[in-house]
Amino acid sequence: MDWAQLWEIAAKPDNIPIVALLVLIPFFTWYGFRQALANDRLIARLENDKELAKTHNRKLEPYREEWDQKVYVWPYLLRVEFFVAIVVTVILMIWSITLNAPLEEPANPNLTMNPSKAPWYFLGLQEMLVYFDPWIAGVLMPTLIIVGLMVIPYIDLNPLGNGYYTFRQRKFAILTFLFGFMVLWLVMVFIGTFIRGPGWMWFWPGATWDHHRLIFETNRDLHEILGITSGQPWIGLVGATAVGLYVAVFGWLTHKLIVWNEFNRKIYERMTLVQYLTLQTFLVVMWALPVKILLRLLFRVKYVMVTPWFNI
Amino acid sequence: MSILRKRPRLEDRPVPEKDPITTSSLATPIAIFSLLLILTLVWALYDEILGLRPWIGYQRDFVKTYQKALVEMKPVRAQEEAAIYGSNEYQELEQALQEAETAIKPALAEIEQEERILGPKLTAITKPFTTARSRVQAAIYLLETANESSKASLEEDLQKLREGPYTVEIPEPDGSLVEKSYSYGEMEEEFNALKVKQGELQARTVELVRPSTQLRRELNTFASARLTSVTEAQVEGLLTRLDNFRVEIKQIYNADIGRVAANGQTPLVDRCESCHAGVREPVILTPETMGGNPLFASHSNRELLTIHDPETFGCTPCHNGNGVATVGVKEGHGNYKHWLWPLYPKAHFDAGCLQCHEADRHLELAPTLNAGKQLFSQRGCQGCHPREGFEPEPRLLRSVQKSILDLRLERNEVEQETQRTISTADRAETNEEADRLYNQADALTLNIADIDTQLDRLTVREADVMLEVKKVGPNLKEVKTKLKKEWIPVWISNPHDFRPTTKMPRFRLDEQQVQAVSAYIWQSGIDVELPQQSSGDPQQGEILFETRGCLACHSIGEESGATGGTFAANLSRVGEKANYDYLVRWIHNPKERTLPYCPIHQRDITPEDYASQGLPFQFDPQHAQCPLGDHLLQVQQPTVMPNLRLSWDESRDVASYLMMQAHEDAAYPDAEYLDDSNLAKQGQALVKHFGCAGCHEISGFENEGKIGTDLTKEGSKPIERLDFGLLTTQAKQEGWYNAKGFFDRKLADPSVWDQGKVKEPLERLRMPNHELSSEEINQLTTFLLGSVESVIPTTHHYAPDDDREEIQKGWWLVAKYNCMACHQFSPGQETVLENLPLYQDPDSRDQLPPSLVGEGARVNPNWLSRFLRNPALSETDTNRNGVRPYLKARMPSFGLSDGEIQQLVRFFNALSKQPLPYTAVPPDPLSSQELTMARELFTHQAAPCLRCHATGDAATDADSSAPNFLLVPERLRSDWTKRWIVHPETIRPGTNMPSGLFRQQDQRWVFGLADVPSLRSYTKDHAELMVRYMFQYTAGEQRRLTSR
Amino acid sequence: MAKLYIGLFLLGLTVACGGGGETASEVAPEAESIAATPETPQSSAPDLSQSGSVTGRVSFEGEAPKMARIRMGAEPSCEEKHGGPIYSQDVVVNDNGTLKNVFIWIKEGMDQYSFETPSDPAVLDQDGCLYTPHVLGVQMGQGIQMLNSDQATHNIHPVPANNREWNISQAAGQEMTRSFPRQEITIPVKCNIHPWMKSYIAVVPHPYFSVTSDDGTFEINNMPPGDYTIEVWHETYGTQEQQIKIDPNSSQNIEFSYSG
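Chains as they are written, first to last, in the working numbering: chain A, 1 to 312; chain B, 313 to 1356; chain C, 1357 to 1616.
Hint data in this document are derived by calculation from the structure and do not stem from the laboratory.
Note that the structure is predicted; figures quoted are calculated from it, not measured.
Please note: incorrect hints may appear among the correct ones.
Unchecked claim - Covered stretches of chain A (in silico footprint by chain B; criterion: 3 or more residues with CB under 8 Å from a CB of chain B, positions within the stretch not fixed):
hint, stretch
1, 83-96
2, 209-217
Stated by the list, open to error - Chain B is nowhere near these chain A residues, computed Cβ spacing over 10 Å in every case:
hint, residue
3, Val71
4, Tyr76
5, Phe181
All C-beta atoms in this analysis are idealised placements derived from N, C-alpha and C, irrespective of residue type, glycine included.
Generate coordinates for the entire structure from the input sequences, incorporating the hints supplied.
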């Protein structure tokens, strides 16, 4: 275990936000869930107990009947915000005193640093480049991510989930998001930061980043694995079938998810075709990422589909 | 802040009495964090004011300690001053001054008196006169510009003004006022008269005070010249300056010399003195004086600062480091990852000189760097590693040869062109056309002539450069005649065993490889029989070896017992390896080759080749033509070992002495395998792989390139490009992951970066081990660290285009031929010879070769070049010194090329600031009676000239100790000769030439040792007379004198 | 960098235990000053109220070496001065088997005293093309008056190691005075005009030295009591040392002996 190495990575000014990320995200997720679940429980009780529902409409545990039904923003909310403002300021000040901007030597065109890494918020994208065509990982995916985020309101068909912390009303949305953000995004940022060493090679945490390290790693396209080498269009066709297969399978799985239980089915009823298809597309594309990662890491698959124009 | 605490699920929790939102209070946490906020604010302020500005603290300390030091030193300074002002000379000067001043007092008083009278008069008259003048002039202007009609009236007005009368009250000496009335003209005269008088008075005053002012100047200079440091007053000044010392960033700014890097030029901003506050103090501050704090010491070498004024050069251009940073030591010295120019370690300060002084071989103030360069060339690093400035000859030769070929081609083309033009001209329609073409043809033919001249010049140059090319190691084509067969593998397997100080390094060869290499070397050698030499007399040989000066370069005796120079091999065991016959030839003339080498045919030219062309088998610098073509041969051994012009007998003696230098128990396993041709084949590959040809001439490898990395810019290689192999991580953790760390370890053990690596034998690092001492490593590292891509604008590089350039170039030659081993070039420089035991007792010091300080001012450059070409100054009798036959140490013939000779001559002249070309001014000839006078003086009992100076008479010359006068006319410069005979000690302190031969007597030098009757009447300068006599001194004259 | 984590950690602490103090920060390292003033040894004139003295002789054992004959043919005026042959003075053994021209001086033990340089100069004469005396002792800075009692021109050429070298010619009858500021045992003096001429000048910091005379004896007077190292020097046979103790108002006698 090369602690020096580990410390060097963690201590890199660039990586501070990531280290923070690793602590804060889980915490706030937990915190949010805690509240959401509490609320859900309350709502469940209110639904069973009409009396209570009349007197109590603060969707918040715990409560007593004599308590006011509403509380004012000032001071009850603002003071908290004010407090948080102070805490954040303190943190930022300590941060800025102790740490200068991570400047480096004058750029030298004949000498690229190794590993050369994107800023922390792009490490996920950079990591994607390992698994996909630059065109897909660099252009298509980011676009889809942004568009996908924009689309969310238009495919959210459950007004009951608005305006407060709830899991019951939002299972599908929240889980999808957590999968997309935590698993696909954060994990990749983490890999990019802590796992990827010189030559973008895979170093387990604590392994020394040796510039001279050599590993045997050859990636083959799917058709090569299948032993089909007789040029286009066959290769293309093989890929196409594989992709088609994937779409079919995961489309069906996604559908199963969408109609998982009573609740989901209710939502599904309300969906228009467009909404349904949009949802399908985005989800299927999203699944593609982990699938491809696994294919690469486990089976050393370079491309599934190889065409003269693009590779997948 | 309770959220962090573990608590039961919400609904299982007992519901509090009051609503937590409305009743619970955030006061405590807010209070705590507000406090924290304030504290961080305080921290921020502290960091801003002191944390990020350590120099503030330093400067305050500096002022304290400096004041203390000054106060301590004040009385000492006062004492010294008192001593000076108390000294008699000073007193006398002051005395003289006072006398002078008192002497002129009355005169001055008188003048003052007159001025007292004159002054008021002048003032009284000035105003009315000037007003009158302006009015008159105005009137004149009106008149000039007026129209005819009004002219007349204006005439009158002007006339009136001219007549006046103007009344002025002139004060008289007694104080009364006398009213006088003038016309304008009179008033003008009066005014001018007074003015003139005033001028006279002033002139007189100046005249009077001149001597006293002169004395005062002397008085002041007297003190300043004798003070070793600042005066008490200056100390006072410094103290007051410290009292209002401003704590601030001390910064040097210069936009012209800023660092030039990939991102363009950034102006120089050096704030080093914000912490190193004492660097430029007039008082020399040592860490001791500054309370043991090296930070405040002043610069360790003032001289350097005076040459490179910090205001212009700053600090970082020489020392490196980050001149802008002021936040801390680490940052300021640039010792962090991303700063490309970290401060040079103390041991390597000299490295900083190199980026501007690339062209200098020798720097007075950079001993480590000089040593580094010397090592680099002496150990033959340039044999494998290209390095600008080192071993330029081969490249030069190639370029010359190329341009010769190009010119030849051009010549052919032009010839054809000419033919074509002429033929077209013959068939031209019109005469005009033909005429034009014929002219063209003529032009072309002229062009050919021009090319021919160029060709001739280049051929000469080529021959020149051929002579200049040298190799570090011996020529291995001679092994068969030179070496004992069995010795070769033993030597190659580990040279340091046989000769610890050798420059031949130890290669990473295994047993079998050693045999292979030896086999190839042996079989590639030339097969000839050298003439058998009869044996000589070792005792005689030893004497010769020790006296002729061999020890200037070679050393003898093992380990601590070794005496002599380190420039060439230690000869303690030479007897075990060498062949007697070859050794004799070598000593007699090291330049002699067995066969000449032809760079065009790329092989040695044999007697058969000569025979085939019906030519005699003869080759030397005069006969360097290749018998097989119109080009030059390499006719000399590429060695710097000079020819000592020993006779064959003497050579035999020395050789026999050297053959005795061997261990009795020396035994070598016989090496028959050296004749195995298969082995030789493998050997050839190895010889190529390990670049043996870099230092040796080996047949088949004459045009081999260098196998090593180019080191010209090695110092600025990015650290990523230096391969630490498997030690990288260790290096990073132990903090030597930097250029110095790389060089130090690589030089100590060249194979170090192969540690732990699995490699094929021929893939391993090739650099051999030179067994360098830690000091040598330090010097080489300094050199390498300094070899950088200069970041200083070339305008500030030291590349003079005047005499100083000649000096720069000259030093390279001086180093190449190791002249400094025998001769002194700069005062205080020690030679190898003067430290040999042989020259320790005072009498034998006369036997040391002459010092060459001021040589350029002494000798006639034309003579000097002749002397350098042939130091015997004679074609027939060469076994002697040309100038000082009495010296046993021999000035050898270096076989210098014309280019080198001219370079050396220019070097010497530049050193003593003598212009070239030199036109000798022969002193005017002597009249007959002057001649007789001169003779008498020259041979006078009291005049010791002929006691020491050689006279060509063998009997007396044996114990003479100065050159023969016959040399004077062509060798010396007359002006120098005069200075010399009058004041030898000022030109060469401690010379054998006695001073005080002449004494000053009313503006001329007269013979000081006796009163020569015939010169009593002679009113001219005696020294001058002697010089003139010497410059017409002839063999005949000499015979005439000695016969008496 | 570590500072950030420390900072945050401390922040965490203050949070946990509610309240806290100042956070860590860097202070510029102060260079503590060491007042080091080298003290100079107090030297004073010795107290001679009860001084002692040393006497002794330098004996010579073995065969007295044959001295080279000096041929002064080049300088007749000198040759006349000495009737008969002249021999080199490298080794002069007196008839009583003692060694002449040996220089004796107190090598160690006088450091704590300071002495003033005598005003009257020592004399080095050139008589008959020989330096007399052959070995001359002077004090640092003491004048050396050079005389030339010959008809011939001489040149005086000392070849010191620690002092400055000079070389001045001197006509018959001329004289001059020079001095050497630094201690040196001994300075050879040559004459380039007459290669055989040789003399040695010993420059010492105190007046306690002597040269053996024709009877090979020497004497060093009014020395302050104490322990000393006494050294003898001979141009051919080198140096010898002995320790002596000078008691108040007493005289020591010591023997040196060289063997040829």
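Now the hints, each set against the structure:
1. Using a Cβ-Cβ cut-off of 8 Å, 7 residues of the stretch 83-96 of chain A lie near chain B, which meets the minimum of three, so the contact claim holds.
2. Here the stretch 209-217 of chain A counts 3 residues with a CB under 8 Å from a CB of chain B, which clears the bar of 3, and the coverage holds.
3. With a least beta-carbon separation of about 5 Å from chain B, valine 71 of chain A fails to lie farther than 10 Å from that chain, contradicting its non-interface assignment.
4. Listed as a non-interface residue, tyrosine 76 of chain A fails to keep its Cβ farther than 10 Å from every Cβ of chain B; the least gap is roughly 5 Å.
5. A cut-off of 10 Å between C-beta atoms confirms that phenylalanine 181 of chain A is not in contact with chain B; the least separation is 23 Å.
Checked against the numbered hints listed earlier, the structure breaks hints 3, 4; every other hint is satisfied.
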